[in-house]
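Protein sequence lines, in the order shown, are assigned to chains A and B. The numbering of the first sequence is the numbering used here, which starts it at 1 and goes up by one. The numbering of the second sequence is the numbering used here, which starts it at 1 and goes up by one.
Quick caveat, the hints were computed from the structure, so don't treat them as lab data. Misleading hints may appear alongside valid ones.
[To be verified] Below are the DSS-like pairs computed for lysine-lysine, each with C-alpha atoms no more than 25 Å apart in a straight line:
#: 1; chain 1: A; residue 1: K30; chain 2: B; residue 2: K964
#: 2; chain 1: B; residue 1: K216; chain 2: B; residue 2: K197
#: 3; chain 1: A; residue 1: K103; chain 2: B; residue 2: K809
[Said to hold, decoys possible] Listed below are several chain B residues computed to face chain A (Cβ distance under 10 Å; list not exhaustive):
#: 4; residue: P109
#: 5; residue: K110
#: 6; residue: G814
#: 7; residue: D845
#: 8; residue: P854
#: 9; residue: V869
[To be verified] What follows is a list of derived Cβ distance ranges for each label pair:
#: 10; chain 1: B; residue 1: R419; chain 2: A; residue 2: G214; range: 49 to 55 Å
#: 11; chain 1: A; residue 1: E198; chain 2: B; residue 2: D33; range: 41 to 47 Å
#: 12; chain 1: A; residue 1: R183; chain 2: B; residue 2: R951; range: 38 to 44 Å
#: 13; chain 1: A; residue 1: G214; chain 2: B; residue 2: D33; range: 20 to 26 Å
#: 14; chain 1: B; residue 1: E561; chain 2: A; residue 2: R183; range: 43 to 49 Å
#: 15; chain 1: A; residue 1: I181; chain 2: B; residue 2: T356; range: 54 to 60 Å
Glycine included, every Cβ here is placed at the ideal spot set by N, Cα and C.
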Amino acid sequence: MLRKTLVALMFAALMVAPVSAQTLDEVLAKYVKARGGADKLAAVKTMRITAKASGGGGPEIPIILEQKRPNKVRIEFTFQGLTASQVYDGKVGWSINPFGGKKDPELMGEDQLKGMQDQSDFDGWLVDPKSKGVTAELMGKEPVEGTDAYKIKLTLPSGTTQIVFLDADEFLEMKSESKRIVRGAEREEEGFSGDYKEVEGLTFPFSQEGGPKGAPPASRQKLTIEKIELNVPIDDSRFVMPVVTTPPAAPPASPALKPEEPKK
Amino acid sequence: MNTKNYWKWVSSTLALAMVFAMPLWAQEAVKVDSDTISGLGARNIGSATMSGRIAAIDAVNEGKRVTVYVGAASGGVWRSINGGTTFKPVFDKQPVQSIGAVAIDRKNPKTVWVGTGESWTRNSVSVGDGIYKTTDGGDNWTNMGLKESERISKILIDPNDSNTVYVCVPGKLWSDSDERGVFKTSDGGKTWSKILKGANGSTGCGIMSMDPKDPKVLYASLWDFRRKGWTFRSGGENETAFSGSGLFKSTDAGASWTELEAQSAKGLPAKPWGRVAVTVAPSNSNVVYAAIEAKIPTDGLYRSDDGGKTWDKRDRSQFMIWRPFYFANLIVDPKDENKVFKVNLGLILSTDGGKTFSNVSGATHGDYHTVWINPENPEHVIAGDDGGLWISHDGGNRWWKSDNLPVSQFYHVSADMDRPYKVYGGLQDNSSWVGDSQYPGGITNSRWENLYGGDGFWVFTDPSDPDYVYAEFQGGFLGRVNRKTHEARIIQPQALPDFPYGTAEKKLRWNWNTPIHLSPNEKGTIYIGSQFLFRSRDHGASWDRISPDLSTNDPEKQKQEQSGGITVDNSAAEMHTTIYSISESPKNVQVIWAGTDDGNVQVTRDGGKNWSNVTGNVPDVPKASWVSWVEASPHDEGTAFVAFDRHTFGDMSPHVYRTTDYGKTWKRIVAGEAGVQGYAHVIKQDPVAPGLLYLGTEFGLWITLDGGQQWAQYKGGDFPAAAVRDLVVHPRDHDLILGTHGRGIWIVDDIAPLRNLTQDNLTKDAVFVDGRAQMQAVSNFSGGWAEGDAKFSGQNATEEMVITYYQKKRHIRGDLKLEIFDDQGKLLNTVPGSKRRGLSRATWDMRLIQPKLPTAASSAGFAGAGPRVLPGTYTVKMTKDKDTYTTKITVGIDPRAPYNAEDRKVNFALAMRLYNMLGDMTFTADRIKGVLDAANEALGKLDAKDPNKARMAAFVDAVGKIRKEIVATKEGGAITGEERIREKLAELYGTVALLYEGRPTKQQSDRADAMAADLADVGKRFDALLAKDLPALNKGLEKKKLKPITAMTRGDWEKKDAPKVAGGAKPGEFDALPSAGMNIGELMEHLRLR
């Protein structure tokens, strides 16, 4: 009888524990804690990620991603001995696409630029969204593929909306959906994160996959991270658009951001 | 208690509790829910070529673009933000898919109201569960109530107040109910009040119209209607009986209503009435049109020019009065009060205020239900009919078809044994079709072929002669159709001679959806059922009648000539007391089951000589319940399953039973607490795993792994809660093929893992679950073409190796990766695994890493993927954080391949030779480039007067020349057409390794030899150049204390650059790589690196 009561009590405790309403601030605080804490995050000034992209019927592509506070990004990927770059220096987005024989840097069009801008925040928009002009809204709980998640809607400065799903126990990101408006048309994507591992006390997803929303899983791009290096020296010049021999094309039609003249 | 003792106590108690609890857990079956099984994705193969019935449309000009919302009769809500070029389903997560009304709030176009439950109440109509609202353009929806309404025909939003909304609720079709009439909310849907009600439990709101100039002025029709399995009425029981139908007007926002009829509104016809369409002209408040179903010839169109006080009789042409229950809708041009559309079989248009009408259907499908006219450009018209959505840019004279709405309404589905198999099915008002289950470039609309006509139902390929199919249209009009010539021989059995009159049966009674059944035991034997069961063994040239009347033969249910209410409507849709389902036991040709629409379950065990009616043995099923499905077990001849569909009596719950003793006793296998939603259409037992059952209901697909104890709703691949009317487990490929009524055909590729998801496996943290045998599909070079964005294209199954596994919980921390090894234990590739709980799938393209290529002016097409590994057995090792799991997967050759295993080996050998030559070439080119770069650097450092400078310049020149023999170097982005060894070798490699995998041509082999010689020659000449020039040059450099020039060794190069392991791409994708294949901005968008 006693044993039965004990068991019943234990079950009761198990049942009760997870049921407690959370506010947005609480959920975001737990997210930051799950990532390693605000102090540790803030202490990271640069980051270099070595990864490979595969899947979706494409070749395997080695990728190097460099990020520098607050919002500089450089991505390089190599195929057949040719290296492409896509870079955002916080204001100007530019790229080099050598595969067709042209190796000059080009200014990004609105489509690409918005994609870069929306992903350029060093810590990610969930860390202190208010200070970045991001509107965050907790939309309650919703399961992702059968696992409970907090659903957070972010409206970015660019107007892009992102729905981020955080694992309800671990407070780490499982899935995100984004809706970007380009020339009045919607671009919807979804991504899944997992394989979380610690790097110098911070938690990072080492596996990511994504594609157009609703696309079959076999067609998604998959990114497997091999190495994350924190606070490696990355010079600002890595992000600046090189001077081109021919004048660049007309600036992209983004009303939000006007590209500066490349620095000399 | 000190701390130490406390912890001791806690741990011992925990241990005790565990011991105590263990047996309890062990007894408990692991919960199997939607997410356990939905990791097996589904793909929709359409099609949008036949599309399906559109019940409602609303659209709004947003700037210069038009946003369109389309409500499909049973396929959800679709939104376009580009005027119809592309559509997106926005209602897929909701529990019902039948749509009756859509209304966009003009003040805030992101707010949209949707009324569920179609009001075009044909026999096959679905049901809804209330009114929904979105405030973000369809991303999120909230059910705002009216949950018992079952169907909603119109929603009107006050143009001055978004919180004031009027809802026209016809109410339940099959039973009396209170929640019908006109409802109003003034608080955005929080509360509702009924502001207009009918005289009885079968009268609701037919349609409603608001004067946009004065939104307090409302017109509404009340409609008395009822459908039963065997009869329908619009109005009262007949053309003179009482009917609750009428026409009403309110001038005070619905607070009070005035009935408009012959006494109060001069010119209107005498009652009783049936369904009434009413609409006020947006440009002139005084002009009101009403199409009234009344006694012939007083029915037809009426027009008032004084806001409804008096009326003039106008048109009563065929398409004004035909089938009012299906077509009661009038649409007036927003700027021209005299231009009015009336929907019908044909769309008719009047430009003279309703005096005369012309048919403007053009080459559209027909059976129209709704029209939207752009208020800013009335030449722009969008219309919906039984065949989909149509767009006109000339005021409705000529029409574009929307080829992007896969809302096709299948009744039945079957498959053949072609490779890949083809899928067959018949649809509501859209004939019978065959389509591909797989096709290079996608299953586009053009991969579907029409086979017959009318409404389509059962359709099968003739297993004894694949040049023919059996197809039918409504009422058992069975044909045997030649696939090539499309000649049809009508082979429907005929009634016995009725001579002298009245001495024999009057007629054969064929259900609207007459069952056809192929014998699973005898190729070529076919059954069809009227009230009698017929069997043919000669392709329908003659039929044996093998049963007596198996129905109740209830004369009360055979009065279809009186069906319709005010307007007789006897289209075979109400034909009753008929056989509806037939199933011969796969285990015994003598055992045949038949189920009737009036509640009989009959079985013969001697091939039809004797029949027993076993209905009475089924517990707790009311008499006369429609037998929607009988299914003889593929495992045991005494076992059968039966589904009863009682929705025609207003009962929407599933009733599914199993017998194991030829029908003597039955057990209900879908208990009330099982959570299964919707009336049951089809129950099937898996042909391999007896405990695995598939149940299709009006609200989706449900699966049990344990014979019916636990049911889980299948939601893989975003499969919506669409009605699953039929399903097939492909006997060879083990795909589950779903025929939905509203969302086309879906395929769940390879359901073998469901068979292997045993209780034992379910308790494990992670485990591989075997799928079907796999093969390497033959490569395809072509297929598909650019069709623009406005076309639907069905998804193909992946042709990669599929690895299925199960995880009890979602994987969060640590690696989840799958490594693939060959039979020598060599690692071939590593692929990431899906993290989801339940069944998951990972894929590997079965290719080695793409070959190494040297830097050059541009990328080389044709070398972006490695050779595909040879068929055989591969070991898969899954690492899940600290745990590892191993399985073996065998891959065979595509049976369609014109080559055998030996040919494949010859191909692979040459492919690998070329692959290695590309590596050798890359080494040589990198080596040359290394020397060239070093020499250039040295050249820059040498002083102009240095005697070595000229020699170094000559050396640079000589090295550069050799390099140009290997790689193209002209830059600038133009098509240079510059071909060097790199480009030529890559092309040869691609044609051998990435396309045809049989024996290479002689020329390909010879060419490989020649190129190997070329490459060796370049290497030799470079070595000779180095030997000749380098010692002297380096001596000169040493003197200046400059770094000597060295050429890298193969060993150095391999350490730095040798290929590891990887996947690959198909030929042709690489040219587009920078823009389409791998746009890093796009990649970043969904691969959130942080």
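Outcome of the hint check:
1. K30/A with K964/B: violated (59 Å)
2. K216/B with K197/B: Holds, at roughly 18 Å.
3. K103/A with K809/B: violated (48 Å)
4. P109: It is violated, given that the least Cβ distance between P109/B and chain A is near 13 Å, above 10 Å.
5. K110: Not OK, violated: K110/B not within 10 Å of chain A, min 12 Å.
6. G814: holds (6 Å)
7. D845: holds (7 Å)
8. P854: Interface hint status for P854/B: holds (5 Å vs cutoff 10 Å).
9. V869: violated (15 Å)
10. R419/B with G214/A: 49 to 55 Å: For R419/B and G214/A the Cβ distance comes to about 28 Å; the hint is violated.
11. E198/A with D33/B: 41 to 47 Å: Because 32 Å falls outside the window, the suggested range is violated.
12. R183/A with R951/B: 38 to 44 Å: Given about 59 Å between the Cβ atoms, the range is violated.
13. G214/A with D33/B: 20 to 26 Å: Since G214/A and D33/B have Cβ atoms about 22 Å apart, the given range 20 to 26 Å holds.
14. E561/B with R183/A: 43 to 49 Å: violated (60 Å)
15. I181/A with T356/B: 54 to 60 Å: violated (47 Å)
In this structure, the hints that do not hold are numbers 1, 3, 4, 5, 9, 10, 11, 12, 14, 15, in rising order.
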